[in-house]
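Participant: Next come the chains, spelled out residue by residue.
There are 2 protein chains.
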Amino acid sequence: MTIPNILGPKSGITRDPFPGSRKIYVKGNLHKINVAMREIDLEGDRLTVYDTSGPYTDPERTVDIHQGIDRLRSPWIRERNNNENNTQLALARKGIISPEMEYVAIRENQQLQLMRERFRSLARFHKGNSFGIPMPEGEITPEFVRQEIAGGRAMIPANKNHPESEPMIIGPKFLVKINANIGNSAVTSCLEEEVEKAVWACRWGADTIMDLSTGKRIHDTREAILRNSPVPVGTVPLYQALEKVKGKAEDLSWQVVKETILEQAEQGVDYMTVHAGLLIDHVPLTDNRLTGIVSRGGSVLAKWCKAHQEENFLYTHFEDLCDIAAQYDIGLSLGDGLRPGCQADANDQAQFAELAVLGELTQKAWSKDIQVIIEGPGHVPLHLIQENVALQRKHCFDAPFYTLGPITTDITPGYDHISSAIGAANIGWYGASMLCYVTPKEHLGLPSKKDVKDGVIAYKLAAHVADLAKGHPVAQLRDNLLSKARFEFRWKDQFNLSLDPETASEYYHENLPDRSDDKEKPYCSMCGPDFCSMKATSEMRSQKIKDSEEEAPC
Amino acid sequence: MTIPNILGPKSGITRDPFPGSRKIYVKGNLHKINVAMREIDLEGDRLTVYDTSGPYTDPERTVDIHQGIDRLRSPWIRERNNNENNTQLALARKGIISPEMEYVAIRENQQLQLMRERFRSLARFHKGNSFGIPMPEGEITPEFVRQEIAGGRAMIPANKNHPESEPMIIGPKFLVKINANIGNSAVTSCLEEEVEKAVWACRWGADTIMDLSTGKRIHDTREAILRNSPVPVGTVPLYQALEKVKGKAEDLSWQVVKETILEQAEQGVDYMTVHAGLLIDHVPLTDNRLTGIVSRGGSVLAKWCKAHQEENFLYTHFEDLCDIAAQYDIGLSLGDGLRPGCQADANDQAQFAELAVLGELTQKAWSKDIQVIIEGPGHVPLHLIQENVALQRKHCFDAPFYTLGPITTDITPGYDHISSAIGAANIGWYGASMLCYVTPKEHLGLPSKKDVKDGVIAYKLAAHVADLAKGHPVAQLRDNLLSKARFEFRWKDQFNLSLDPETASEYYHENLPDRSDDKEKPYCSMCGPDFCSMKATSEMRSQKIKDSEEEAPC
Numbered sequence: 003m004t005i006p007n008i009l010g011p012k013s014g015i016t017r018d019p020f021p022g023s024r025k026i027y028v029k030g031n032l033h034k035i036n037v038a039m040r041e042i043d044l045e046g047d048r049l050t051v052y053d054t055s056g057p058y059t060d061p062e063r064t065v066d067i068h069q070g071i072d073r074l075r076s077p078w079i080r081e082r083n084n085n086e087n088n089t090q091l092a093l094a095r096k097g098i099i100s101p102e103m104e105y106v107a108i109r110e111n112q113q114l115q116l117m118r119e120r121f122r123s124l125a126r127f128h129k130g131n132s133f134g135i136p137m138p139e140g141e142i143t144p145e146f147v148r149q150e151i152a153g154g155r156a157m158i159p160a161n162k163n164h165p166e167s168e169p170m171i172i173g174p175k176f177l178v179k180i181n182a183n184i185g186n187s188a189v190t191s192c193l194e195e196e197v198e199k200a201v202w203a204c205r206w207g208a209d210t211i212m213d214l215s216t217g218k219r220i221h222d223t224r225e226a227i228l229r230n231s232p233v234p235v236g237t238v239p240l241y242q243a244l245e246k247v248k249g250k251a252e253d254l255s256w257q258v259v260k261e262t263i264l265e266q267a268e269q270g271v272d273y274m275t276v277h278a279g280l281l282i283d284h285v286p287l288t289d290n291r292l293t294g295i296v297s298r299g300g301s302v303l304a305k306w307c308k309a310h311q312e313e314n315f316l317y318t319h320f321e322d323l324c325d326i327a328a329q330y331d332i333g334l335s336l337g338d339g340l341r342p343g344c345q346a347d348a349n350d351q352a353q354f355a356e357l358a359v360l361g362e363l364t365q366k367a368w369s370k371d372i373q374v375i376i377e378g379p380g381h382v383p384l385h386l387i388q389e390n391v392a393l394q395r396k397h398c399f400d401a402p403f404y405t406l407g408p409i410t411t412d413i414t415p416g417y418d419h420i421s422s423a424i425g426a427a428n429i430g431w432y433g434a435s436m437l438c439y440v441t442p443k444e445h446l447g448l449p450s451k452k453d454v455k456d457g458v459i460a461y462k463l464a465a466h467v468a469d470l471a472k473g474h475p476v477a478q479l480r481d482n483l484l485s486k487a488r489f490e491f492r493w494k495d496q497f498n499l500s501l502d503p504e505t506a507s508e509y510y511h512e513n514l515p516d517r518s519d520d521k522e523k524p525y526c527s528m529c530g531p532d533f534c535s536m537k538a539t540s541e542m543r544s545q546k547i548k549d550s551e552e553e554a555p556c
Numbered sequence: 003m004t005i006p007n008i009l010g011p012k013s014g015i016t017r018d019p020f021p022g023s024r025k026i027y028v029k030g031n032l033h034k035i036n037v038a039m040r041e042i043d044l045e046g047d048r049l050t051v052y053d054t055s056g057p058y059t060d061p062e063r064t065v066d067i068h069q070g071i072d073r074l075r076s077p078w079i080r081e082r083n084n085n086e087n088n089t090q091l092a093l094a095r096k097g098i099i100s101p102e103m104e105y106v107a108i109r110e111n112q113q114l115q116l117m118r119e120r121f122r123s124l125a126r127f128h129k130g131n132s133f134g135i136p137m138p139e140g141e142i143t144p145e146f147v148r149q150e151i152a153g154g155r156a157m158i159p160a161n162k163n164h165p166e167s168e169p170m171i172i173g174p175k176f177l178v179k180i181n182a183n184i185g186n187s188a189v190t191s192c193l194e195e196e197v198e199k200a201v202w203a204c205r206w207g208a209d210t211i212m213d214l215s216t217g218k219r220i221h222d223t224r225e226a227i228l229r230n231s232p233v234p235v236g237t238v239p240l241y242q243a244l245e246k247v248k249g250k251a252e253d254l255s256w257q258v259v260k261e262t263i264l265e266q267a268e269q270g271v272d273y274m275t276v277h278a279g280l281l282i283d284h285v286p287l288t289d290n291r292l293t294g295i296v297s298r299g300g301s302v303l304a305k306w307c308k309a310h311q312e313e314n315f316l317y318t319h320f321e322d323l324c325d326i327a328a329q330y331d332i333g334l335s336l337g338d339g340l341r342p343g344c345q346a347d348a349n350d351q352a353q354f355a356e357l358a359v360l361g362e363l364t365q366k367a368w369s370k371d372i373q374v375i376i377e378g379p380g381h382v383p384l385h386l387i388q389e390n391v392a393l394q395r396k397h398c399f400d401a402p403f404y405t406l407g408p409i410t411t412d413i414t415p416g417y418d419h420i421s422s423a424i425g426a427a428n429i430g431w432y433g434a435s436m437l438c439y440v441t442p443k444e445h446l447g448l449p450s451k452k453d454v455k456d457g458v459i460a461y462k463l464a465a466h467v468a469d470l471a472k473g474h475p476v477a478q479l480r481d482n483l484l485s486k487a488r489f490e491f492r493w494k495d496q497f498n499l500s501l502d503p504e505t506a507s508e509y510y511h512e513n514l515p516d517r518s519d520d521k522e523k524p525y526c527s528m529c530g531p532d533f534c535s536m537k538a539t540s541e542m543r544s545q546k547i548k549d550s551e552e553e554a555p556c
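Residue numbers (the working numbering), protein chains in the order written: chain A, 3 to 556; chain B, 3 to 556.
Take these hints with a grain of salt, some might be off.
These stretches of chain B come out as covered by chain A in the derived footprint (C-beta under 8 Å, 3 or more residues) [to be verified]:
hint, region
1, 53 to 66
2, 89 to 102
3, 403 to 414
Have a look at the derived ranges for each label pair, beta carbon to beta carbon [to be verified]:
hint, chain 1, residue 1, chain 2, residue 2, range
4, B, 524, A, 218, 29 to 35 Å
5, A, 249, B, 22, 49 to 55 Å
6, B, 126, A, 46, 58 to 64 Å
7, B, 355, A, 516, 38 to 44 Å
8, A, 249, B, 31, 33 to 39 Å
9, B, 289, A, 116, 25 to 31 Å
10, B, 355, A, 153, 42 to 48 Å
Within a straight-line C-alpha distance of at most 20 Å, the following computed PhoX-like cross-link-like pairs (lysine-lysine) qualify [claimed, not checked]:
hint, chain 1, residue 1, chain 2, residue 2
11, A, 248, B, 25
12, A, 537, B, 523
13, B, 25, A, 250
14, A, 537, A, 523
15, A, 366, A, 96
16, A, 308, B, 248
17, B, 260, B, 250
18, B, 248, A, 537
19, B, 537, A, 537
20, A, 129, A, 96
21, B, 250, B, 218
22, A, 96, A, 29
23, B, 246, B, 218
24, B, 246, B, 260
25, A, 96, A, 370
26, B, 537, B, 523
27, A, 452, B, 523
28, A, 260, A, 96
29, B, 494, B, 25
30, A, 250, A, 218
31, A, 494, A, 523
No lab work stands behind these hints, which were simulated from the structure alone. Note that CB positions come from ideal geometry on N, CA and C, so glycine has one too.
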């Protein structure tokens, strides 16, 4: 695994730690593992939070993107390499807690007990509700993770050839995760930029990235991304396969796709989207749709089926596909090739017919010890979102749900990160486990670095809103700490606890440029000194204390 | 009513019509009225949409901000000036359909029948659900508007001294409306900027604006805004009253507030927020809150109550207040002085105790023919939002609900327009009638012109998402038309149908700078020419037609 000499000497990768934050490593009990987390300094205390940014934000680690980052999972993988059947699902079913399982258990906890102890006075949490999927009340144990994996209710995407990845888990009883799509197209973007975008997406909170490159040097781009990615990497192998047949869908075959899957598996792709549930009989169900088939993979396969008048080869070769996946421990993301592309087409017969087939494939994959997640829409009005989750659970036996938004109105090009964050927060609350981001450029163009950040932040926000609503036991602590800092005019703590400290600080200082006394100023430029309600409340409260002190003699 | 000579000669007001759009005026049947709407040109057709931008986007009308805009309601107001009891509520109860009622009926319709006729092939709509408040299926009639007003279920804010305002209606059976807060603070902003922001907010879709100025020249700022505002203007009179007593809450009195209300009423303020439901007994209920009282009005009144050990003078003088409101036909927005300021404080006893008092005040106001809306939170996690709407309906007899967001997580300073758009879309779906915007600067500083636009767009988006979900009979047509344009690669139509055509077009052209052939290019830079699913679907569909033509002989 060496990276082709393709990356320029200049790199725009940001390596600064977040302001007021440091990287910490929490040791495992069962395995020799060090779980990376972020500790935020507060006035007189500190909070541990989940951290996806990898070694880049640790000033004590050197990173050379031409070499790739440290391969933390190499010894774990080597150790079990001689066993047959060593996918995470196989191990879990055999009762084995892998280092990856312990890693994610510790990671999900975010030092729950310690944090609860430390901030006992702030433990005023609302009990959420999560539509029949109750959150664990206490600490997440490695054994709990093992059980969720064994039951197919969670996935740890971890190709044995991607040892650089810090293990993470996707499942409804864990923190809601987000994915960021990157990758070039034939029209724009270059390799360096895509690596930079990948690291940038992780910095702001992407839990996985998908490399959806369709342009030039797809193999090299993916290699550079994989070797430098601290999070699992997903792909849609069909895209590269289509490049191999020069964009002619009709010329695709299982053979070409199989070779592509093997090529990508060997590189270390952790999970792959396969549109194996789209059957030839489903295609006519889309005839009266307003926007037809909007999944790239779906439209290509539908075209192939029509041209050959044959069943989708990913469906007919699904077992072969599973055999490859098992060899590398690749997770399968069962694609929704017939997801709706507009409000009018939401929740239609085509969409749900394919979903039923995804359930059938889920069981096939499970029978070969392959982990599965199910992809979901797309474009859905707010009142039709819940039905998607209910049917997905019913058809797919509680396999995790991985949705694209959904976008809740079609009239917002340029702002689809917002209209889809609304759908994403809701579907996460209802039980979806991972949310694929949408950037402001959706439907308009390839996202820039700024768009990637805007998309990631909007989705980190939506995932957190869902975690609060579904009752994650530790999620609200950060909100409470930030609110307390706000009430006490600890501006620096307020900024540092927020999802984007730099932007918060910049906005605050726009009208109050003096940066010397962040801590002291008991107001902002919105209300000014005389109209700050929090200042007024504080004054009233101290008045009250004075009153009671005066009354004390009685 | 002349504007003090305070506005500089230069004005940054944008007067361009939206691209591909023109202003149309639809005539009334009962009254001599011309209802302003926007017509969007499409290839071979055109769509009518709701328009809040006023005369500024009509190139055929001259606007001089030193004179103020046309006073379209002057003759209507003059005509009924001799009658006693001539508020909209009094008229409605007497069975009279005012010109304002006919205006909003026509405006809400957006030429529903004509549009349905014109786009019959696109009439594939999802039936929404709106939690016990069914939307009217067909055209909104003036008589329907009258009934909703008479029943207190809707408000037309229309001070007889603000004849410049184009009538609009706030109620759960109508389009969800949005409000934009503007106004200076002691720290920043100037008068010209606030007028510019007001017109700017209306351009992007604000249905009302609230002038929350607390800095210098409050009276003059308001005068300039009122004379140039095509939408109703709201205020919180307490802010100016507090300025009059030099920021000392203890020095406030009913007399000072009354004089301020009269001053603002005379200028033409259409609706006023009064925190009359916060009682002295409620204050201790906030003692254990994480962020105390976060409403500016609420904190000031609580301080006053504590200092004087007396009941809130707005509560004790509520009938006097109603008498002033009746004289000018001012709508009362019953403020939630105890709304929660963070997730931890949501849905607590303090909040709901005040809400019950707002119900009592609603009936008092109605008994004096005053229209009422009820203000709501604030900061609420997603799973606790619905309870707010349910309790508001129960306590306040179906008076319209006007909420601030709610913000659904506290960890997003800099992005609160997004975290609150999530709450706003949900609460609008559940039945809230107007959503007060939150800008990216919330909690950090006074919004700039850019922030105002970002806030308005995020809320216009949220309101539209709610309209789709609650089943507004015409809302989805615009989505369907945009999606069809998208599928057919009519880029210009796609941009012009979107909430922000300029941004959509700019993003599209960022990587495809050639603007000569928007219509022709069957792809964007996201996927490039070979990977466009819509192109593939089209090709497959035309293949199909060819097939059936070939098969025709059989």
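Participant: Any hints this thing doesn't respect? Which numbers, in order?
Facilitator: 1, 2, 4, 5, 8, 11, 12, 13, 16, 19, 20, 22, 27, 28
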